[in-house]
Amino acid sequence: MSQLALVIDLNICVGCSACVTSCKQWNTSGLAGPMVDENPYGADPTGTFFNRVQTYEIGEYPKTETLHFPKSCLHCEEPPCVPVCPTGASYKRESDGIVLVDYDKCIGCKYCSWACPYGMREFDEHQKVMKKCTLCVDRIYDEKLPEAERKPACVMACPTGARLFGDVHDSESDISVTIREAGGYQLMPEWGTHPANHYLPRRKNHSHIHEDELIRVDNPLNREDIAKPDSTEPSLEDW
Amino acid sequence: MHPAFSVIFLTTLIGAGQGLFLALFLVESLSIVKVLPQQTGAFYGDGSLFALALLIGGLVASFFHLGRPERAWRSATMWRTSWLSREVIMLPAFMLVVFLYALNHYATGDVSSASVDGEVQMTVLLGITGVILCIALFVCTGMIYACLKFLQEWHTPFTPINYILLGMMSGFTLAAVYASVTSPAISSFYAGWAILLTVAAFVFRFAALMRNKRLKFKSNVQTALGVRHNKITQKTTGAMGGSFNTREFFHGKPPEFFQAVKIFFLVAAFAIPLLILLVSSSSESFLLFFIAFLIQYIGLVAERWFFFAQSNHPQNLYYQSIS
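Chains as they are written, first to last, in this note's numbering: chain A, 399 to 637; chain B, 892 to 1214.
Careful: at least some of the hints might be erroneous.
Among chain B residues calculated to face chain A with C-beta under 10 Å, some are [claimed, not checked]: (1) F896; (2) A952; (3) H956; (4) G958; (5) M969; (6) I1035; (7) Y1036; (8) T1137; (9) H1204.
Here are the computed lysine-lysine pairs in the DSS-like style, where the Cα-Cα straight-line distance is at most 27 Å [as the list claims (entries may be wrong)]: (10) K1040(B) x K461(A); (11) K1153(B) x K602(A); (12) K1126(B) x K1109(B); (13) K1126(B) x K461(A); (14) K526(A) x K1144(B); (15) K490(A) x K1126(B); (16) K602(A) x K1122(B); (17) K490(A) x K526(A).
Derived DEER-like restraints, expressed as beta-carbon distance ranges [stated by the list, open to error]: (18) R971(B) x E523(A): 28 to 34 Å; (19) Q1211(B) x H604(A): 27 to 33 Å; (20) W964(B) x T558(A): 44 to 50 Å; (21) F990(B) x K542(A): 44 to 50 Å; (22) N1111(B) x E523(A): 26 to 32 Å; (23) D500(A) x F990(B): 32 to 38 Å; (24) G457(A) x I947(B): 55 to 61 Å.
Simulated from the structure, these hints should not be mistaken for lab results. Cβ atoms here follow ideal geometry from the backbone N, Cα and C, with glycine treated the same way.
Could you build all of it, start to finish, from the sequences and the hints given here?
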């Protein structure tokens, strides 16, 4: 049993929103009908999106970091949105673990959106049904596409390679290895939803420059009787 | 959460209808064991149809909540997992039984309440079925909210208990109004029950408020993003003009309004009706009972608004500021 998922590397994401527009383009052009935009050129533009990039500031000036945070359905292994659906329109595919909505069965009661702690579902105000990320199910199995392109539109669009796609149940898949090795984590683990999508943390490379590396202690030009700079720390020579 | 008036009217109207039916059958049961005088068939019949009208009103209101009401029949299919689906089954089943209960009372006439030669009357069987369905419907309605574990304000046994008590409270007050016109002798009996239920409902509703005041939220912005830092400020939500997430999960009213609604519903749903009922319980006065019910119902509408508005959805952690 496989579980397809995305891994999003927050260390790489630059917040360009290419994944947002490419997601919208692919999914608004599909068989399921357009994803509505209300007032797109007006004062309060709003619309249906499956994927958004948010920005957070961590810390306080001057010690701040910017976090770009792409947010789309996590395709939980225990999706709380599925059992609450009264019509069975919301379902999780046995074969690949994708959580989908059958737009022809949905009655638009919005109960599933209440039941998603992450707020990943969006109501389409024109079709009056609940919509959500499909992990581009109409793309990843399309044999008319070259094999390298059978990936979700957001993954194809990411210019920095911050989005990885694969099977998290296959321990040797690229994304499973990445999750293991780069400390991939799940959002809000406290609810037991077991999201399939993982995020990779921001990582920093810290280098420590020892004083000795700036002032060469064994400089042959130094005379022996010249005192070395006082240092309580051990110098490189002590090793 | 954003309170939807369709759901507010659905839950308050069917609550009153359910309570009224329970009140009618209580009198029928007590009249069988000769604690209360026997009532006419029309008393039960008209009363049940009145309850049915409230249930229909609630059902109609619920359709306004649906994006695709023409597909509503599909919502009965997932009763194994979904409390909403269970409610969708229970409501029409209960309505049917209430309707049959009314018909049987009209058919059997004034002797219906007495069991003839130890034979159990059809109305009693229907009444017991109705009571079971009525309680089941209350539980389903409450569990729709109580089963969502990350909506911590709702995820408590108080939620279904309060749906039961608040519904019965308004139903019995309504029964006092109804009886003051149709059978004034028992209107004070209903008023007495309404007083008891109003006190009980207040105790449990207040306990729920106390519980929620002390609530510790399991999710915070650190677990939402997976970043361990005490100071995280949201700069963008990914949508400049708002989105479904910013509309559906926030009540959008200032905190003063929110607090005012809380005080208003405590006064209007409990304090004022209680006072009126205490003063007028033996008066058999239609007008006073009616005023008590009207104020109580308005209070319950406010209570339901507050019930939705107070609930903090963890998704709101991702939508703390719009820019």
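Now for the hints, and whether the structure bears them out:
no., hint, result
1, F896, "14 Å, violated"
2, A952, "13 Å, violated"
3, H956, "6 Å, holds"
4, G958, "2 Å, holds"
5, M969, "5 Å, holds"
6, I1035, "7 Å, holds"
7, Y1036, "9 Å, holds"
8, T1137, "9 Å, holds"
9, H1204, "7 Å, holds"
10, K1040(B) x K461(A), "37 Å, violated"
11, K1153(B) x K602(A), "48 Å, violated"
12, K1126(B) x K1109(B), "23 Å, holds"
13, K1126(B) x K461(A), "16 Å, holds"
14, K526(A) x K1144(B), "25 Å, holds"
15, K490(A) x K1126(B), "33 Å, violated"
16, K602(A) x K1122(B), "19 Å, holds"
17, K490(A) x K526(A), "21 Å, holds"
18, R971(B) x E523(A): 28 to 34 Å, "31 Å, holds"
19, Q1211(B) x H604(A): 27 to 33 Å, "30 Å, holds"
20, W964(B) x T558(A): 44 to 50 Å, "48 Å, holds"
21, F990(B) x K542(A): 44 to 50 Å, "57 Å, violated"
22, N1111(B) x E523(A): 26 to 32 Å, "31 Å, holds"
23, D500(A) x F990(B): 32 to 38 Å, "34 Å, holds"
24, G457(A) x I947(B): 55 to 61 Å, "58 Å, holds"
Hint compliance for this structure: hints 1, 2, 10, 11, 15, 21 are broken, all remaining hints hold.
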